[in-house]
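*Asks:* Residue numbers for the sequence shown, in mature numbering (1 follows the signal peptide of the UniProt record, and there is no 0): -24 to -1, 1 to 321.
Honestly, the hints are just simulated from the structure, not real lab data. Since we're looking at a predicted model, the values are computed, not measured. Accuracy of the hints is not assured; some may be wrong.
Below 30 Å or equal to it, Euclidean Cα-Cα: the simulated DSS-like pairs (lysine-lysine) are [claimed, not checked]:
#, residue 1, residue 2
1, LYS98, LYS14
2, LYS80, LYS98
3, LYS29, LYS80
4, LYS29, LYS14
What follows is a set of in silico ranges between Cβ atoms, one per label pair, in the way DEER data are often shown [said to hold, decoys possible]:
#, residue 1, residue 2, range
5, THR35, ASN130, 19 to 25 Å
6, THR301, GLU134, 30 to 36 Å
7, VAL139, ALA114, 17 to 23 Å
8, GLY110, ILE190, 20 to 26 Å
9, SER84, GLY276, 27 to 33 Å
10, ILE83, GLU129, 15 to 21 Å
11, SER48, ASN137, 34 to 40 Å
Even for Gly, the Cβ is constructed at its ideal location relative to N, Cα and C.
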Amino acid sequence: MKRFRLRILFFIFGAILIAPSAMVAQTCPSLEAGDLFKVSESSAVYLVSSDMKRLYFPTSEVFHTWYADFSSVQVISSVCVDNYPAPTNAPFGVNHRPGSRLVKLQISPSVYAVLPDNTLAKIGSESVAASLYGSAWAGLVRDISDVFWPNFENRATEITNDVPHDGMLVRQSGSAATYYVKDGERHEVTGTLSSATSGDVRIVSASVFNSIAISASTIDGAGLTDDPVSAAVILSIPSSQPAEETTPKPATYILEADDAGFYDNNVDVSSISAEKGAAVTITFNVRSTGVYYGGLDFRGCGQTSGGTLPGGSTTVSFTADTSCTITSYWPSSNVVKDTLQVSVQ
């Protein structure tokens, strides 16, 4: 009789333990990357990152540099929070939208501009700050506490010239056209800016405005707030222009080369191209994996003299379309091992 009662009690107790987990699975919504949520018992708002982690907004102001209001925030039960764990590496929270504010540590006078990809660039002087952000630039500076500073995980070169930085919205005085700065170029903004971004357009002088080249591609104003994690912006390429002429491509390559050919991260490379108007710079790092232990000869690809021994490197720049060959250097010289096609568009 005692055994029977024990079994009944165990069954009931087990059912109680199992029930909550089943209930959680039924009541928790399936959020996607980019969704906003809050817990019903709290006012804190979180963003779901691309790897399904939860990122906090440290202040309401930070939130409003990205979103006009809280209408897109979903309310979830506290039992669902574990489905979206906190990150173990920075960034742990969302930063101010690039170009919207200037930031500084509470314990330091240095002022930084906020760039895409959670990047900071130190402002070199007050005159530079005024040229880019206006005479009232000091009113845009926000003190950031030590606990939130690691969310700015990257650093860019100090801004010492009156040149708009990536992430800024700029407009020349007297003009209605607004431009977004990306990859060192200004891209005209199409469509309508949201209330979260329209107040952050910087009116700059003609010299500052013309200090960066204009791009043939445009940017949809509504897309400027699509990715608070990395602040990535999609470029729109006019149909009248070929994509290959306006899509940025790297101009510098570091390749490994051995007696079997060229490699980039262990993937064979047969051709390389660069953006329009840029030279292609290639650094060949030589390794030895076979009988041609005497090195490789890149004179067919522009090396000025001799060969490059294993462990060494050589750098060559191309300013025109080129087809060149790599050969063994010693002991079996002039044995063609690979051909590289270089296209400078």
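*Asks:* Please go over all the hints and tell whether each is borne out by the structure.
*Replies:* Each hint tested on the structure:
1. For the suggested pair LYS98 and LYS14, the alpha carbons sit about 34 Å apart, so the restraint of at most 30 Å is broken.
2. With a C-alpha separation of about 9 Å, the suggested pair LYS80 and LYS98 falls inside the 30 Å cut-off, and the hint holds.
3. For the suggested pair LYS29 and LYS80, the alpha carbons sit about 27 Å apart, so the restraint of at most 30 Å is met.
4. Pair hint LYS29 plus LYS14 holds up; C-alpha atoms about 14 Å apart against a cutoff of 30 Å.
5. Against the hinted window of 19 to 25 Å, the Cβ-Cβ separation of THR35 and ASN130 comes to about 21 Å, which satisfies the hint.
6. In this structure the supplied range 30 to 36 Å is violated for THR301 paired with GLU134, their Cβ-Cβ distance being about 43 Å.
7. Our hint of 17 to 23 Å for VAL139 and ALA114 holds, since their Cβ atoms are close to 20 Å apart.
8. Judged by the Cβ atoms, the range 20 to 26 Å given for GLY110 and ILE190 holds: they are separated by roughly 22 Å.
9. Separation of SER84 from GLY276 is about 53 Å and departs from the stated range, judged on CB atoms against 27 to 33 Å.
10. Between ILE83 and GLU129 the CB atoms are about 19 Å apart, so this pair conforms to the stated range of 15 to 21 Å.
11. Distance hint for SER48 and ASN137: a CB-CB separation of about 39 Å, consistent with the stated range 34 to 40 Å.
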